[in-house]
Amino acid sequence: MPQATSPLTAASLWAGLLVVSGTLAYGLTLAHFPAALLLGPMLAAIAFGVSGASIRMPKPGFLTAQALVGCLVAKSVTADIVGTILGDGVLILAVVLVTVVAGAIVGVVLTRLKVLPGATAAWGSSPGGAAAMVAMSEDYGSDPRLVAFMQYVRVALVVVSASVVARLLTDVAAPGGAGEVMPEDPRLLAVLATLAVAATGAGLALALGLPGGALIGPMILGAVLHATGVASMSLPATLLDAAYATIGWYVGLRFTRETVRESLSALPGILVATTGLILLCGGWAYGITFLLPIDFLTAYLATSPGGLDSVAIIAVGSKVDVSFVLAVQTLRLFVVLITGPILARWIGGNAAET
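Residue 1053 is where the sequence shown starts when you use our numbering, and the numbers rise one by one after that.
Worth flagging that the hints you see were computed from the coordinates, not collected in a lab. Computed from a prediction, not measured in an experiment: that's the story for all the values here. Beta carbons: idealized from backbone N, C-alpha and C, even for Gly. Careful: at least some of the hints might be erroneous.
[Claimed, not checked] Across the chosen pairs, the derived CB separations fall in these ranges:
{"id": "1", "residue 1": "TRP1066", "residue 2": "ALA1289", "range": "17 to 25 Å"}
{"id": "2", "residue 1": "SER1106", "residue 2": "LEU1149", "range": "39 to 47 Å"}
{"id": "3", "residue 1": "ALA1251", "residue 2": "THR1290", "range": "37 to 45 Å"}
{"id": "4", "residue 1": "GLY1281", "residue 2": "SER1058", "range": "47 to 55 Å"}
The task is simple: from the sequences and hints, build the whole structure.
Now the structure itself:
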């Protein structure tokens, strides 16, 4: 446990962490890396944590960040996406379940090979919503540090592979920012409505004792209100950046030298497993082109086990059916968040038996 520090020392450490986080986030943004505002602060916090910095992100701040990420997921659910899901519901659900099962297989393999503990392998191999997986994993007994490491190695590989495939199959370059995917409603009322959804959804879910309730509550409540047009939701970039940074700091500051050694020792296995997951999803994408009137690139991006935001950015800059890609990715995120605890317990129990 970190030793208590004086308020002045703590303030100095936080100031230094803020500067380093901003510098790294800016560099990752210039490199067009997804979730740069989460990864930059997390990498900076890891450096501070490993060096022995005695500061920690308070749990209430982490729960608030979870609620905002839940609203971000809810905001992606539109009437068009719901219509696409209802129109091709059975096949879309099949696409989603195959990808989720592939992720579970990867988790089982990593557990059997003792690359990672069972529950951690389950959350780390969940295909989609990296920030959400990291935020929820601790509530279910996993190590969020290793989950974050595994998730963002996967995100990096998926983004690179999806970008290469998109470049090979289309002449249109991918856009530079997520703002082109989901335009913001700048009205103050939309922002206030989003904050109300975050507070109400998280409050109700936590009062009911739901694990991961700070994220799940706003996600479900916001999705219903947004898709039905009852409420217009908006998350200003500064607010979302603060939420990402908070999650990054919460996870990163808990890293120790031992955790870093464990993460690096698991890297070869994670790389092999992630590559296998991408190939499995790519094979399934080729198969569904015979079942649905869609092209391979649309199918590939829809089944790609990356984050909704990064895949959406690539999809918008390519000649694909964007509604189908977002429908599959959004539904899969919901399925992963709902089935994650079940798969984590099953994989963890499977590991215990072996």
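Among all the numbered hints in the text so far, which are the ones the structure does not match? 3
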